[in-house]
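Could you put together the complete structure from these sequences and hints?
Residues 15 to 339, numbered by this note's numbering, are exactly what the sequence shown covers, in order.
Treat each hint with caution, since some may be false.
As the list claims (entries may be wrong) - When the alpha-carbon atoms are kept at most 30 Å apart in a straight line, the in silico BS3-like pairs for lysine-lysine are as follows:
1) 75 - 143
2) 148 - 39
3) 195 - 30
4) 316 - 75
5) 100 - 75
6) 316 - 256
7) 226 - 30
8) 236 - 226
9) 252 - 236
10) 316 - 79
11) 117 - 148
12) 148 - 30
13) 111 - 75
14) 82 - 195
15) 82 - 256
16) 256 - 279
17) 256 - 226
18) 148 - 183
19) 79 - 193
20) 148 - 75
21) 117 - 193
22) 252 - 279
23) 143 - 30
24) 82 - 117
25) 311 - 193
26) 30 - 117
27) 193 - 100
28) 143 - 111
29) 311 - 111
30) 117 - 75
Read the hints as simulated data drawn from the structure, not as lab findings.
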Amino acid sequence: MLTSRIIGFGSFLPPKIVTNDDLAKIVDTSDEWIFTRTGIRTRHIASDGESTSTLAIEAAKNALKSAKMEASDIDLIVLATATPDKTFPATASLIQKAIGGSKTCAAFDVGAACSGFVYALSCADGMLKGGLAKTALVVGSETLSRVCDWTDRTTCVLFGDGAGAVVLKAFEENEHSIKNKGIYENLIRSDGNMFDLLVSTGGPSTSELCGKITMNGREVYKHAVNNISNIILELLAKNNLKTTDIDWYVPHQANLRIIESIAEKIDIPLDRFILTIGETANISSASIPIALDTGIKSGRIKSGDLIMMATMGGGFTWSAGLVRI
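Below, the structure written as C-alpha cells:
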C-alpha cells in the first residue's frame, strides 16, 4: 500500500515589513484598532521585482534542502495560489523552470483561495498514493498586496505576502494507520452560494482586470468559525479521535479572533495552536505551510506529532487535514 509522507518543510517571507503604524499613515486606522480586531502587528510585503513565483521558488528551495533532495528528484509540483504571476501558464511551471526541475515533472496550479494549500496537498497525496508520482513539491504562495485596495482600511490591514512549501514522498506501508507517519486523511468542502461574501472584483473573462479584494467581514467571520470548527470535529469523529489526541492544531492564519473563537467553540487551549498571524497577517494559501515550517523550526512540532490543519477561504471553500510528521 502506497502512502505519502512530508519529508521537507520550507518558507520564505519578503524582507520588507509593514507595521500597523505604517498603515496608519495611509488609511484611517491605528495599531490599537488593527491589533484589537485581528491580532496582527506586522505583515511582509513584496517589493518591486518580487512576485508569487519568486517567493515560491525560495520556499521550494528551502523545502528541498530540508528534505535533502534535488529538484530533479521531484516529479510533481502543485502550487496553491490566488495571485498567479500570469493568467497562463501555471505559476507552478515557472517554479519548475527556476529550480531546474525535470522535463518529466508535472506542474499545475490549484485555486481554492485560503483553503488552497490543503486542496493542493490533497491532490498531491492522491497522486502519490495512486502511483502517478513518487515525489511532490506542494507550495502555497501569495502576493495579496497586489490585490488589496489600499484605501479600504477594513481589508488592506489584513493581508500580507509570502510562501511556504513541503516535499512529499511515496512510501510502501503494510497498513494505512493513524499511528504511521504521513498524510492520513484530508477533507475538502465548498459552497459556491457564498462566493460574493469574499471575492476579487476582477477576472480576465469578466473584466479583463486583476481586481481587488472585497469582503463582508462579519459574515466571513461567522462562517469561518462555524465551518472550520465543524470540519475539525468531523475529521476527528470520522477517525475516532478526541481533540486531545492532536499534538498541534495548525489553522489558517486569517484573524486571531477567529482562531480564538474556534478554540473556545471546540474547547481546545489556544496554546495548542501554532500561531504566526501577529507577524505575517493573512497570506491565504501560504499561511498553513508557513506555520508548519515555523512550528518545525521552533522545535514545537516534533517527529511523530499528529497535526490537524484546518482552513476556510473564498468560494466558500474549507478543508482540514490530518498528518503525522
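Hints, one by one, checked against the model:
1. 75 - 143: holds (24 Å)
2. 148 - 39: Distance ~50 Å between residue 148 and residue 39 Cα, so the pair is violated.
3. 195 - 30: violated (36 Å)
4. 316 - 75: The hint holds at about 22 Å.
5. 100 - 75: Distance ~21 Å between residue 100 and residue 75 Cα, so the pair holds.
6. 316 - 256: OK: residue 316 and residue 256 at ~20 Å, within 30 Å.
7. 226 - 30: holds (21 Å)
8. 236 - 226: Holds, at about 22 Å.
9. 252 - 236: Distance ~24 Å between residue 252 and residue 236 Cα, so the pair holds.
10. 316 - 79: holds (18 Å)
11. 117 - 148: Status holds; Cα separation ~15 Å.
12. 148 - 30: Violated. Residue 148 to residue 30 sits at ~37 Å, over the 30 Å cutoff.
13. 111 - 75: holds (12 Å)
14. 82 - 195: Holds - the C-alpha atoms of residue 195 and residue 82 are around 18 Å apart, at most 30 Å.
15. 82 - 256: violated (35 Å)
16. 256 - 279: holds (14 Å)
17. 256 - 226: violated (40 Å)
18. 148 - 183: Judged against 30 Å, a Cα distance of about 6 Å means the pair holds.
19. 79 - 193: holds (27 Å)
20. 148 - 75: holds (18 Å)
21. 117 - 193: violated (36 Å)
22. 252 - 279: holds (19 Å)
23. 143 - 30: Outside the cut-off at roughly 39 Å; violated.
24. 82 - 117: holds (21 Å)
25. 311 - 193: Roughly 23 Å separates the two Cα atoms, so the pair holds.
26. 30 - 117: Roughly 34 Å between the alpha carbons, so the hint for residue 30 and residue 117 is violated.
27. 193 - 100: violated (42 Å)
28. 143 - 111: Roughly 26 Å separates the two Cα atoms, so the pair holds.
29. 311 - 111: holds (28 Å)
30. 117 - 75: Holds: residue 117 and residue 75 sit about 18 Å apart, inside 30 Å.
Of the hints listed earlier, those the structure fails to meet are numbers 2, 3, 12, 15, 17, 21, 23, 26, 27, in rising order.
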